[in-house]
Amino acid sequence: MNFTNCPICKGELKIRVLHCPHCEISFQGDFENNWLAELDAGQLEFIRLFLLVQGNLKELQNQLGISYPTVKNRLAEIIGIITKKEPVTDTVIDVLSDLEEGFINVDEAINMITQRREK
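Numbering (my numbering), first residue to last: 1 to 119.
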């Protein structure tokens, strides 16, 4: 669950208390969220699998049972959240490179290039 924004007003939440249930000690203050707190459960699972396959997108595609372009889009989305910038989309050269490397087939390449032209 994403705890960076208030479910009522959508304002940014701040961590004010850290508590140890073992010894019952609590620390109060203004604590910073890290970038992981901004990701939802699905995005965290994607990152976990990404690390387990050592960044191999082809293997990640197989593990998740989704297309290579979908893997790249999800990764771009997460990078956008972390960097607070719009996700970078592949250029035509990137698509052709993925085609040449065998990561995508001709139909996927045509679809990806067509989608970019429509934007």
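For the record, the hints were derived by calculation from the structure and aren't laboratory data.
Careful: at least some of the hints might be erroneous.
In silico lysine-lysine, DSS-like type, Cα no more than 25 Å apart, as pairs [as the list claims (entries may be wrong)]:
#	residue 1	residue 2
1	Lys-85	Lys-10
2	Lys-10	Lys-58
3	Lys-14	Lys-85
4	Lys-14	Lys-84
Name the hints, by number, that the structure is in violation of. 2
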